[in-house]
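S.K.: Protein sequence lines correspond, in order, to chains D and Z.
So that you can map any letter, position 245 of the first sequence is 245 in my numbering, and since no number is skipped, the others follow by simple counting.
So that you can map any letter, position 45 of the second sequence is 45 in my numbering, and since no number is skipped, the others follow by simple counting.
Please note that a few of the clues may not be correct.
Said to hold, decoys possible - Derived coverage of chain D by chain Z (criterion: at least 3 residues anywhere in the stretch with Cβ under 8 Å from a Cβ of chain Z; other residues may be distant):
1. 12–19
2. 101–108
Stated by the list, open to error - Pair by pair, the computed Cβ-Cβ distance ranges are:
3. Z/70 with D/22: 31 to 39 Å
4. D/22 with Z/153: 55 to 63 Å
5. D/233 with Z/152: 44 to 52 Å
Said to hold, decoys possible - To list a few chain Z residues with every Cβ distance to chain D over 10 Å, as calculated:
6. 2
7. 6
8. 8
9. 26
10. 34
11. 54
12. 88
13. 100
14. 149
15. 158
16. 171
17. 204
18. 228
19. 239
Keep in mind that the hints were calculated from the coordinates and are not lab data.
Note that CB positions come from ideal geometry on N, CA and C, so glycine has one too.
Here is how the chains run, residue by residue.
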Amino acid sequence: MSGAPQIVVEGVSHTYRPPRGREVRALEDVSLAVGAREFVALLGPSGCGKSTLLYLIGGFLPTERGAIRVEGAPVAGPGPDRGIVFQHFALFPWKTVRGNVLYGLQKSVLPAEECARRAQSYIELVGLKGFEESYPSQLSGGMQQRAAIARTLAIDPKILLMDEPFGALDAQTRSLMQAELLAIWQRTQKTVLFVTHDVQEAVYLARRVVVMSARPGRIKAVVESNVDRGDPHIFKSKAFVEKVDEVWGLVREEALKAQ
Amino acid sequence: MKYLPLVLLALAWEAVVRLGLVSPELLPSLTSVIQAGWSLLKEGDLWSNGAASLNRGAAGLALAVVVGGVLGILMAWWRPVYALAGPLVEMLYPMPKSALIPVTVLWLGFGDGSKILLIFLGCMLPVTLGAFNGARSSDQALVWSARSMGASRLRVLWDVVVPSALPELLNGVRTALALSFVLLVSSELIVSQRGLGYLIGFLGEGGTYDGMFAVVLVVAFLGFFADRIYQLFVSRMLAWRD
């Protein structure tokens, strides 16, 4: 990490005001800095506002209190510099895999041939060669999430916002996708902000784990995770197990409070 | 086979008349109805009146689908439109549309115009409500995905909200299609000098009951085939669903 951080969150609070019912204070005075090419996990119990923080950085929700800057500029709305991947994939169900991956590319200034070439290369990167003409409803959950990741990578965002992207997948698919995401991250060197409530997943994927408190969400602790990801038996290694214990200890209290 | 009950019904019809269980004055035999239909076809009455009815129905329904669809989607997309049109749509939806027959005649007379207006007004609301409900339930994550990939708000309306609304909108159109036949035939029965409804009334008043039954059957089959063709069209449009 060199120079100014890429993402700066300063004193951000956020309250949901539903048309009916009580308002909900989701975030309380959150400050965070993320450097370019960092992989950071936002970890916390459900309802702690970690997704809200992601949506604010994405520009999907307006920043009410505090400030969020990406590369020095205040966030004023969504933009192709920040790609997002959702838990339930959010593929356009009426478009094929190819149509989905092409969608963002066609909004760029690239010529049609270049769009098609890039779409194909990202489809192949996530291992969906042969499924280009399939509709999302014809694919398994894991394949849908691969397609969604390809769609987001295709617009070449500097920052990847991931909102519990593997939360809807079965355990085996999830662990395969985690390893693939690490490989993609190493190859493409994007900044990743990864929301999860899974301690193991956070410790395995992220170099820095931001632990959030129960609602209203505050940053409770930031833990470095320098486990050896090249180790084929990493999940049984002492360093990994201890790190998971340490982070779990922090999350546990909050999870109990959130119940 | 699926259409066996229909065949049985036809045989029963013929049998009750032939056996003298029902007077032919009340129910002409199926064979005489078919014969009467055939001669109406040969003499051209069925064609000219059928064409008049289908033109009216198609024009009214097309207007209803376009205006109703656009209105429903805009109601979901932009609050002021909802504030203005929402209460009206809700209030007018349960109203029996045939009550509008004298009103449209008063405005546009006995010709095509009043029938087209009636079908347009009567069929618009099911389309509007379908479009509105479909558009309103479009997934927030899809809208956000499109926005993050560089789509403007207006572009999202076309790229996400409209296709999200499509399944329910097309359902509303199906209701409207059935309703259009009801409104068409009843308005032609009451006030018209052309059309299948008019022909039914004309033959009935003149005591030509086999002919009258023949036209009733034609209307029933037209309604059935229109629905079938429409469902084929919908399964094409929504092929991505399964």
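S.K.: Now tell me if each hint is right for this structure.
M.R.: Hint check results:
1. 12–19: With 0 residues close enough to chain Z, the hint is violated.
2. 101–108: holds (count 4)
3. Z/70 with D/22: 31 to 39 Å: holds, 37 Å
4. D/22 with Z/153: 55 to 63 Å: violated, 29 Å
5. D/233 with Z/152: 44 to 52 Å: The hinted range 44 to 52 Å holds for residue 233 of chain D and residue 152 of chain Z, with Cβ atoms some 50 Å apart.
6. 2: holds, 28 Å
7. 6: It holds; residue 6 of chain Z is separated from chain D by about 35 Å at its closest Cβ, greater than 10 Å.
8. 8: holds, 40 Å
9. 26: holds, 53 Å
10. 34: Given a closest Cβ separation of 45 Å, the condition holds.
11. 54: Holds: least Cβ distance 31 Å, greater than 10 Å.
12. 88: The assertion about residue 88 of chain Z holds, with a minimum of 21 Å to chain D.
13. 100: holds, 35 Å
14. 149: violated, 3 Å
15. 158: holds, 12 Å
16. 171: holds, 16 Å
17. 204: holds, 48 Å
18. 228: Check passes; 24 Å lies beyond 10 Å.
19. 239: Contrary to the label, residue 239 of chain Z does not stay out of reach of chain D, its closest Cβ about 8 Å off (not over 10 Å).
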